[in-house]
Every structure is written in structure tokens, then in C-alpha cells.
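Peer 1: Here are the chains, one letter per residue:
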Amino acid sequence: MKKVKKEVADKYFKTRVTMIAIFLFIGFLVSFGVVFFAEQINESGVYIMGMPAHYYMGAQGAVVTFIVLLFLNAVINDRVDKKFGIDESRNEQISKTGTDH
Amino acid sequence: MDQQALVSLTLIILTFALYIGISIYHRAKATSDFYVASRGVPAFWNGMAIGGDWMSAASFIGMAGTVMLLGYDGLAYIMGWTGGYLLLTFLLAPQLRKYGRFTVPEFIGDRFDSNFARLIGAIATIIISFTYLIGQLSGSGVVIGRLLSIPSWVGVLIGVAIIAVYATLGGMKGVTWTQVAQYLILITAYVIPIVFMSLQITGNPLPWLTYGNVVEELGAIDRELGLSEYFAPFDEGSRAQFLALLFTLMIGTAALPHVIVRFYTVATMKAARWSGAWALFFIGILYLSAPVYAAFSRFVIMNDVVGQPLDDLPAWTEPWLNTGLLEVTASGEQGVLMWEDLVIHADIVVMATPEIANLGTFVIGMIAAGAMAAALSTAGGLLITVSSSFAHDIYYRLVNPNATDSTRLRAGRIAIFAATIVAGLLALDPPGVITQIVAWAFAIAGGTFFPVLFLGVWWTRINAKGAIAGMLGGLTTTLTYIFLAMNGFVLFGIGDTGAGVFGVTVNVILVIVVSLMTEQPSQRLKDEAINLRYPEQMTYEEGQVWLDDTSGK
Chain A
1 MKKVKKEVAD KYFKTRVTMI AIFLFIGFLV SFGVVFFAEQ INESGVYIMG
51 MPAHYYMGAQ GAVVTFIVLL FLNAVINDRV DKKFGIDESR NEQISKTGTD
101 H
Chain B
1001 MDQQALVSLT LIILTFALYI GISIYHRAKA TSDFYVASRG VPAFWNGMAI
1051 GGDWMSAASF IGMAGTVMLL GYDGLAYIMG WTGGYLLLTF LLAPQLRKYG
1101 RFTVPEFIGD RFDSNFARLI GAIATIIISF TYLIGQLSGS GVVIGRLLSI
1151 PSWVGVLIGV AIIAVYATLG GMKGVTWTQV AQYLILITAY VIPIVFMSLQ
1201 ITGNPLPWLT YGNVVEELGA IDRELGLSEY FAPFDEGSRA QFLALLFTLM
1251 IGTAALPHVI VRFYTVATMK AARWSGAWAL FFIGILYLSA PVYAAFSRFV
1301 IMNDVVGQPL DDLPAWTEPW LNTGLLEVTA SGEQGVLMWE DLVIHADIVV
1351 MATPEIANLG TFVIGMIAAG AMAAALSTAG GLLITVSSSF AHDIYYRLVN
1401 PNATDSTRLR AGRIAIFAAT IVAGLLALDP PGVITQIVAW AFAIAGGTFF
1451 PVLFLGVWWT RINAKGAIAG MLGGLTTTLT YIFLAMNGFV LFGIGDTGAG
1501 VFGVTVNVIL VIVVSLMTEQ PSQRLKDEAI NLRYPEQMTY EEGQVWLDDT
1551 SGK
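Sequence lines, in order, name chains A and B.
According to this note's numbering, the stretch in the first sequence is residues 1 to 101, in order.
According to this note's numbering, the stretch in the second sequence is residues 1001 to 1553, in order.
Next comes chain A alone, as it looks inside the complex:
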């Protein structure tokens, strides 16, 4: 066991929270944001992949964005863990020996 400096531990947590906030904000924009302005987008006549942009975002764009965000989160988080010296195989050992009710 080794002590982790408070600044380091806080920085880890802050990095995670910042990432999550950014990702959720993007997710919010492509779903709620687009729906909020759907009427204006429909009237503006903007098209994506052959269909009106608001319809495209609801039927495909938002879902694809969600998937990309989740994979980005997983990949970037792995990098953050590595930067802070976290070893996944040790994580696995710890969670295996942990108490199971």
C-alpha cells in the first residue's frame, strides 16, 4: 500500500468528472437540443443523408453519437488510468478477493 497525494487523487476524480460532463453535454445537444429546435430545422430545409436533418438526428445521428461517446469514454478512461499508474490486472485481483455477500 502506498499513499496517494491528495492533489493526485483529486486530479483523477476531476479528470473523470470533466470527461463525463463533456460527454453528457454532447449527448444532450444531439438529442434534446435537436428536438427542441426540430420545427426550425424542418423549415430550414437542411438535409443529412437524404432526409431532413431533424429526422436524421432522431433516427440515426443521435444513436450513432451515443455509441461513439461511450467508446470514447472507455478508451480515454483507460488512458487516464494508465497515466495514474492503475494496473487493470491488479484491479481484477482486488475485486475478486473483495467481500461478496
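Be aware that a few hints might be false.
[As the list claims (entries may be wrong)] Listed next, the in silico EDC-like pairs over lysine to aspartate or glutamate satisfying Cα-Cα at most 20 angstroms (straight line):
| no. | chain 1 | residue 1 | chain 2 | residue 2 |
| --- | --- | --- | --- | --- |
| 1 | A | Lys6 | A | Glu92 |
| 2 | A | Lys82 | A | Asp10 |
| 3 | A | Lys2 | B | Glu1541 |
| 4 | A | Lys5 | B | Glu1519 |
| 5 | A | Lys82 | A | Glu92 |
| 6 | B | Lys1526 | B | Asp1549 |
| 7 | A | Lys2 | B | Asp1110 |
| 8 | A | Lys6 | B | Glu1519 |
| 9 | A | Lys96 | B | Glu1528 |
| 10 | B | Lys1526 | B | Asp1110 |
| 11 | B | Lys1465 | B | Glu1519 |
| 12 | A | Lys3 | A | Glu88 |
| 13 | A | Lys11 | B | Glu1528 |
| 14 | A | Lys3 | B | Asp1548 |
| 15 | A | Lys96 | B | Asp1549 |
| 16 | A | Lys14 | A | Glu92 |
| 17 | A | Lys6 | B | Glu1541 |
| 18 | A | Lys3 | B | Glu1541 |
| 19 | A | Lys6 | B | Glu1542 |
| 20 | A | Lys14 | B | Glu1541 |
| 21 | A | Lys96 | B | Glu1519 |
| 22 | A | Lys11 | B | Glu1519 |
| 23 | A | Lys5 | B | Asp1527 |
| 24 | A | Lys14 | B | Asp1527 |
| 25 | A | Lys5 | B | Glu1541 |
| 26 | A | Lys2 | B | Asp1549 |
| 27 | A | Lys2 | B | Asp1548 |
| 28 | A | Lys83 | B | Asp1549 |
| 29 | A | Lys11 | B | Asp1549 |
Derived from the structure by calculation, the hints contain no laboratory data.
Predicted model only: the values in this text are computed from it and were never measured.
Since the structure of chain A is provided, determine the placement of chain B on it from the hints.
Peer 2: Showing chain B alone in chain A's frame:
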């Protein structure tokens, strides 16, 4: 029995044999196998199992039709049921995994150190999951009955018998791997018809890239007929209702206990994050395909059915007209069928597509097997959740904490078997209220659980009194609003399906106000919450973070 029924039946029996084989191979030997598959499921396969767990008979059969009938407004379901995985993976799943329990009520009970909170959690979980389960079983009965031309109660009994065997035997471990197999079957069955239909309509085998022009053309056809365009926003409701429904579906998805529990089956927080990503990838394949089904089938109906003389409709319409899923209400102007005269049942879209595209008996049989897989995989996950609430949260944690591992395993098996039988009997003739409750499950789950789980993971100051007040207040508000909305009283134009907005708001306010007005939680509970901020290797103890630097190799 005709040739079609024979092919469908053979395919369904083959898949049933596969599920039972898997559960015999992966049968549960210890309590941890039974509830969380020994926490050893790799993230990729867990993602696939979540896909099977999540996509129900309603997603498989009904969603495409809903989008076709509602146009843009139906897309709330597509975005809501996928967006929930963002909230779940970012805000809840990794931390809940690190906390390391078997069930959602167990997290609530231990995190707030309150058996009363545990009991409320267990009861709410049982109500939500059990009604959802009855919906699945009766849905599967209807599907199998229709496709095999047998009474739907026989279909229900077949489904119940199969699932009772494999869930009781395999527990979560068996259910996990059957869900993986069921996902693969259902997604293959779902995608094949639209690939062929795309080849016929647009000449391209990748419908997701090309169906945009069909959507645009549908708008043009609607304009010509003087209807409001297919993609016109908020044609069937208001913007507020769309946003409220979207919010309710997302929050509810993130708070459904049978989905959350799947994240307990992986090893670490990292695996929980990857599970969420893979899960939405696999789920996305179906959710991106549903609007394609909707566009293609509407295109075919607009071109081949609407505007045709009544006595010269395409041959594929006949069986659906006979079963009442497709109805013609008026004689039509000059003997020609008008769009307004057609009453289309949402379920027809996926089931009729193979016939419309002339794909033959094998593909139709696959749709039957796929629909069964969708119903059974969701039912399996729900059964584990219901039985663990009884056998683990109520029996072991509250009634008999000294039970041995083998007693607990037996209790789990008895609970799961009993739950299957009771749910199956109720599904034979489901009370009308069941279908309604299934539609409200998202509002109820979100309004009861989401704020308490979210604040329980992220906020150290939350205490048992706040959590209990939040859950009870959120549940009461959601149910009250649903009741009022059903009787014509609506706020901001939000209907009963958007009730989650109010439930969640009241829940959050109650948790915060009551927690702040009552005493601080103990230091141990606060420390447990801070500990969830870091990966397994880092632990928070007495104001200090420790890194376990032993090598994992």
C-alpha cells in the same frame, strides 16, 4: 399444420434446445454464480447479453411499427431507449460495480445502512420487474400463437416451460450465455429482411445508408395526398410531450433493475464501462434498423396498397386483413383505398416485411424464432431480478441472515421457479392493467430509483431518511400524475407516459431537502461514497487515498 408453421416450429424448437443446452453447460453451482455469474463475464459478451436482456418482444415486434405510424414523434423511443445507456454508463454502472453487491435493493440498503430502504427497494424492484415479465410472457404467447396458428395460451405455456427449466438451472450464469445466443438470433432475424428489402427498393444492400431518400419520398407522397409529412415534427403531440417522454425513457432505462444487475456480472469498473459501450453498439444495430423497417413498409403501403381498388389489394395483405391487424374502415372514394381508411396495427410491420419482400418460409420462421428469443432473453433477466429480490434481499438479508450458501442457492431456485409459474399463469389472461403498467415501467423505475442511485453514488451528504423520502415521494408523484393524466388533467401538455419528469423532480428535491434537514450520515458511509470515485486499486480510508501497488502479474 401447413409448411410455414412446420418451418417456424422447427426453428423455434432448435433454438429452445440450444438454450437448454447452454444452461446445462453453464449451470450455477454457487450463490455468486446464481446472481452475478461469478462476476467473470468479459465486457464484450456482457455487452451482447445486455443487448438480449434489454430488447424485449415489444422492441422486436412493435417499435418499427410505432415509428411508422407516428413518424417523427415515434423517434422519441429510438433516442430515449438508447440514450439511457449514456446515463447508466457515465453516472451509475462503474460505481455500482465497485460497490460490489448482488442486487439494486442491496446497494440501496447497504449504502444508506437502512433495512427499511432495502425493503422499499426490493418491493419496487419486484413490482416493476414482475409486471414487465408478465408483459413479456403474454407478448411471446401472442407472437408464437399468431405465427404458428395456435391459441396464444399454448404459446405462453411453451415459453414458460422452457424458461423455467433454463433459468432455474443456470441462474445468472446460464441466463448470461443464453442471452448472448438469443441476441445473435434476434439480431440476425431482424436485419436480414430489411437487407433484402433494401436491395429490392434501392438496389443497395446497406439500408442504413440509403433509406434517407425513401424518407424524403414519403414526405412527397404525403404532401401529394394532402396529409402532414411523415417527418413533420410533433404531428401527433406537442414538443413538451416529446421532450418529457424522451427524458422519462432515458431515466427509466438507466434505472431498470434487471439492466443494472447485468453490470454486476463483470470484473471491474473498466469492464463496466466497456460493457456499456459494447451494449449500446449491439443494441444500436436494432434501433438503427427500426426506422428503416418503418420507412420501407410505409413506402410499400403507400405505393402498393393506398390508391388501389379494394378488390385488387396485394396478396400479402390478405392474412393480415383476416386477423384484424390490418383493417379497412370505409368503402373508399370511387372504390379506391385511401390512407385514412386504413387501420394498421403496429405489430404488422416486422412480421409482414418478409412476406412483402417475398423472402419465403425460412425467413418468416426466423422472425418467429427471433421474436421468441427477444421475449425469452428479457424474461430471463427479469426472472433473475425478481427472484433475487425475494431470495436475497428479503429472505437472506432481512429474514434469515445466517443462511448457508447452499440454502441461499436453493432459495434462489425456488423463488425463480415460483415466479415463473405465477407470472406464466397471470400471462395466460393478463389483466388489462398489466399492459398499461409495462408502458409506465420507465416512469415508475426512473421516478423511484434514478435520483437515489445517482445521488447515492455521487453525493456524500445523502442519508437514509433522504433516500427513503425520495423513493416514496418519487413513486407517489409518478403514480399520481399518471392517474391524473389518464383522467384528463395534464400539466404543460405532458401525458401519462412523460410522468417521469415530475417523479424525478420531486424525488431529487426530497432527497436533497430531507438529507440536509436531518443528521449527517456516519463517516463510514461518507467514506464508502468517496471510495467510489477511484478505480479498484485506489481505496479511500480516513481522509486518505491509498494505492495498492502490488503487481497484478
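Peer 1: Compare the structure with each hint and give your call.
Peer 2: Now for the hints, and whether the structure bears them out:
1. Lys6/A - Glu92/A: 24 angstroms, violated
2. Lys82/A - Asp10/A: Judged against 20 angstroms, a Cα distance of about 16 angstroms means the pair holds.
3. Lys2/A - Glu1541/B: 12 angstroms, holds
4. Lys5/A - Glu1519/B: 30 angstroms, violated
5. Lys82/A - Glu92/A: 15 angstroms, holds
6. Lys1526/B - Asp1549/B: Since the Cα atoms of Lys1526/B and Asp1549/B sit roughly 24 angstroms apart, the hinted pair is violated (cutoff 20 angstroms).
7. Lys2/A - Asp1110/B: Violated - the C-alpha atoms of Asp1110/B and Lys2/A are around 28 angstroms apart, more than 20 angstroms.
8. Lys6/A - Glu1519/B: 27 angstroms, violated
9. Lys96/A - Glu1528/B: 18 angstroms, holds
10. Lys1526/B - Asp1110/B: 12 angstroms, holds
11. Lys1465/B - Glu1519/B: With Cα atoms ~9 angstroms apart, Lys1465/B and Glu1519/B stay inside 20 angstroms; holds.
12. Lys3/A - Glu88/A: With a Cα-Cα distance of about 19 angstroms, the restraint between Lys3/A and Glu88/A holds, given a limit of 20 angstroms.
13. Lys11/A - Glu1528/B: 19 angstroms, holds
14. Lys3/A - Asp1548/B: Holds - the C-alpha atoms of Asp1548/B and Lys3/A are around 9 angstroms apart, at most 20 angstroms.
15. Lys96/A - Asp1549/B: 16 angstroms, holds
16. Lys14/A - Glu92/A: With Cα atoms ~24 angstroms apart, Lys14/A and Glu92/A exceed 20 angstroms; violated.
17. Lys6/A - Glu1541/B: With a Cα-Cα distance of about 12 angstroms, the restraint between Lys6/A and Glu1541/B holds, given a limit of 20 angstroms.
18. Lys3/A - Glu1541/B: Between Lys3/A and Glu1541/B the Cα gap is close to 10 angstroms, so the pair holds against 20 angstroms.
19. Lys6/A - Glu1542/B: 12 angstroms, holds
20. Lys14/A - Glu1541/B: Within the cut-off at roughly 19 angstroms; holds.
21. Lys96/A - Glu1519/B: Since the Cα atoms of Lys96/A and Glu1519/B sit roughly 35 angstroms apart, the hinted pair is violated (cutoff 20 angstroms).
22. Lys11/A - Glu1519/B: 30 angstroms, violated
23. Lys5/A - Asp1527/B: 17 angstroms, holds
24. Lys14/A - Asp1527/B: 18 angstroms, holds
25. Lys5/A - Glu1541/B: 13 angstroms, holds
26. Lys2/A - Asp1549/B: Status holds; Cα separation ~7 angstroms.
27. Lys2/A - Asp1548/B: 6 angstroms, holds
28. Lys83/A - Asp1549/B: 14 angstroms, holds
29. Lys11/A - Asp1549/B: 19 angstroms, holds
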